[in-house]
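Residue numbers (the numbering used here), protein chains in the order written: chain A, 15 to 243; chain B, 81 to 485.
Incorrect hints may appear among the rest.
DSBU-like mimics (lysine-lysine), calculated; alpha carbons at most 30 angstroms apart, straight line [what the hints assert, rightly or not]: (1) K99(A) x K239(B); (2) K148(A) x K374(B); (3) K157(A) x K132(A); (4) K89(A) x K472(B).
Don't read these hints as lab results, they were simulated from the structure.
Given the structure is predicted, the values throughout are model-derived calculations rather than measurements.
If you want the building blocks of each chain, they are given just below.
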Amino acid sequence: MTIISINNLFKTYKDSEIEVHAVNGIDLSIDEGEFTAIVGPSGSGKTTLLNMLGGLDQPSSGTIRIDQTELAQLKSSQLIDFRMKNIGFVFQSYNLIPVLTAKENVEFVMHLQGRPKKEREERTMQLLEAVGLKGRENSRPAKLSGGQQQRVAVARALASKPRFVLADEPTANLDSKSTENLLNIMEELNRQEKITFIFSTHDQRVVNKAHRVITLEDGKIINDNRKNS
Amino acid sequence: MITSVAWRNIWRNPVRSGIIITAISIGMFAGVFSATFTKGWMNQRLEAGVETETSHIQLHEPTYRENYEINQFIRQGVQLADQLSALPEVDGVSPRVTIQSMIASAETGTGVKIMGIIPEKEKQVTKLSQFVTEGDYFESISRNPIIIGKKLAEKLKIKLKSKVVITLQDADGNITGGAFRVCGIFDLTNSMFEEANVFVRYNDLARLGMLPEGVAHEIIVHLNDQKKLESVTQELRAKYPELEVMNWKELTPELGYLNEIGNLYTYIFVIIILLSLGFGIINTMLMVVMERVKELGMLMAIGMGRLRVFLMLMLETTLLTLTGGLIGIVLGLGASFALQEKGINLSNWAQGLEDFGYSAIIYPVVETQMVLVIILLVILTGIIASVYPARKALKYNPAEAIRTE
Ligand SMILES: Nc1ncnc2c1ncn2[C@@H]1O[C@H](COP(=O)(O)OP(=O)(O)O)[C@@H](O)[C@H]1O
Ligand SMILES: [Mg+2]
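Isolated chain B (complex conformation):
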């Protein structure tokens, strides 16, 4: 009954209530939409990072990452990779040899990290093959094929089928070089990665680098479930104490924090919106209480206790807030779902994004937990905003309240 009175009271002044509900709706629309937008953006960055660059877990010889010295390899790397792929949590393992080297076209040259991969195995751990937009993935060229990034191709002013020369220091310390032909060009969102990494076949690079048979500098492990990241990392660490085992959160800590920073940003944004809306709500409800002093006096006289009057006003405030909040949240979710397919294209406004590994088309992501937290914050705002006006109403005793003009 009290709830019903509270709800109907909201609509006694439809214009006033409508204005505050609209304000809350707009605020919450902005809050929810920015939440799903940020979430989508962060997720895309994470996925790009994990699925195309680091994969889930990497194993190295412990000192390898200090200066990427060619002789710091895992001796039975290829064999170890095969063993690892038998683990139930693992759905792909790729052994790589990687050497810092110079790449040169007819025009110019630059330093790159050259990765020798076994194409079929690499396919299982990173999505590189899917991002080859020109040419193909180690198919059309049989002798010394190389796959390079689009940005690097632009920098070296080379095209598909162009010849490039790789110069490096082999395992014996001699400078050596080999000619490779561009087989495919990959296009990722991360231009820095495109520019600094090239891929060749494992055997071609091992031969050129005079490496012993079956070694690997990196073993890249892909899991079938991201949730098992920590447990598998621990398991491998225990199993191979002589190797360095690191997961992507440790390898690229900035990516690991991204998610948390994104959430934090969203909540702060929503709280700021709600805070300013809260003052509007308090103002509206104060007007309501002032207008209804006589009526509140009557209610207290006929047997509604102070607590019930307080509760009724609190309910009215909370319902008002929740109405606006839910409209805004539904609209925000609606817009997010509507744009989930097509995405939001930012390339007109933010051309530099791709250089940092952020894609220019954002696909909003709706996370249930976040929506629930936002709803909770809205309810909390309603309750907090209701306290002051409701307390004002309790200052009167019924006799005074009825007498007021």
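Extracted from the complex, chain A is given alone in its bound form:
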């Protein structure tokens, strides 16, 4: 079943006189349960694409449909709500609220949604266990390693049971061991809980883990490769 369908998408930045076509005509559809990497050199438009997919930025033209909803049709307050319910985000850095513990960070979105305490706590503990951080729930981000922080971010992204998770270069600041660890956890969640992951990277080892690899260059898809695994 298709979750995301992208149609003829463009994003053009105008810096003074020069126009930059960061996303330059993309058509793409993503199915439920995918584990997809978006790869390409720096400046190829990965972040721009993911931001538009996540409703953080508006396209210059073209449409993005998530399930039956066209993002451009949503008012900004609806969009915030839509994001909170449907999309989990993992960024390269600054993912966590530094003054909250791992557990509180994961709970935060459920708090904003006004979920009951019991549900929040159960789900938080379950998620932290899933990302291998049981026992560290009361540590603040500064007391966690980079890899552990990204795992908390993954748990946080999953807290509101989103339709899919967008991760923009989640391993860019991690060493190879942490990178592998994080990818294994994401893959596990994808396999067991059927969570759809879309992540960007320019790390070949990460690319190797993906089930589908979409290659961007100058804002265009130059390759879309599905592996059968």
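Chain B with the ligands: place on chain A using the hints.
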């Protein structure tokens, strides 16, 4: 949750927050302390004025206060005084005869207002008897005793038991005089009052002035509750239309305004302090917002609406302000309570104060209402100071915010 995040955010940079909190504390300490100090000062002046000088309400023959003419008296004054003392709101009434006269010692003389009082009745309306610091209150001298102010005693170069001569024009228009002996010397904070008023017994003065029996120039009324001042004034005015009825606020309007001027001064002072602190707070919070652009972008991305981000920053600013404010207010109140017993002695710095009726030792007074208003002003400052920095944060869209380096 947002409150808890806001509170913890304050302590992310303890030095920076500590500095601004300290600044606010010092400012509010100064504000509160000056408020209780001013209040104490004003109250003392008012109390001195009312309790030792004017009392609450005075009744006169309508034209008496125009030129203090000896024949402008209330005919049945002493009897009227007795009637008035039966009113439930009244706890003391003193009839007086008062005559402008000359007082002379062996050395020198001066003009004074001489008041003939019935000592027991006067005791109920003014605290004069309590301020007799040398000698006593009409006890030790049986013939023509007089009580004078300390300042006047100095001026006339006389002591206790000295003889003074009073010269006045009696009711028939003849110049007459009598010898009095100093029985007591009173010491008030108001030197001008000390110098211009002397007290003798009612009968002694009435006889000397050839006044008819039972008259009074002034009837001084003391109430058991200051709050009833206006209502009793109105009541007496209606009841005795042939007399002039005035309360202390009307008799000494400058005292009546004193309280309001004191409050106004305090609020202006506090507002000026808060205004300057407000700029410091805005500056601190702008730095905070600049530093956290990426984090704010992340918060907006994961589902925190603009309104919530705005509220969170507003709460952070307000909590920061309130923390400093409360520390300062508590310290200010603490200092005020600590000095409530001993008072603050200003006599080393301000020797002239007593000449104007202000005491040199100030006992701070804490007024709940004023403290509440100050707390409210602090909260208001926090809220107002938070608007600008919080709005700055909303200018970013999440994608830009996350991209910023
Ligand atoms: N806010 C912006 N203003 C102008 N140009 C931008 C902006 N954001 C990105 N770009 C440009 O768009 C192109 C794609 O950038 P980006 O999506 O960040 O690529 P990637 O994530 O693949 O490195 C780059 O050339 C970049 O300089
Ligand atoms: Mg990028």
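* Asked: What are the numbers of the hints that this structure violates, sorted from low to high?
  -> Of the numbered hints given earlier, the structure breaks just one, which is hint 1.
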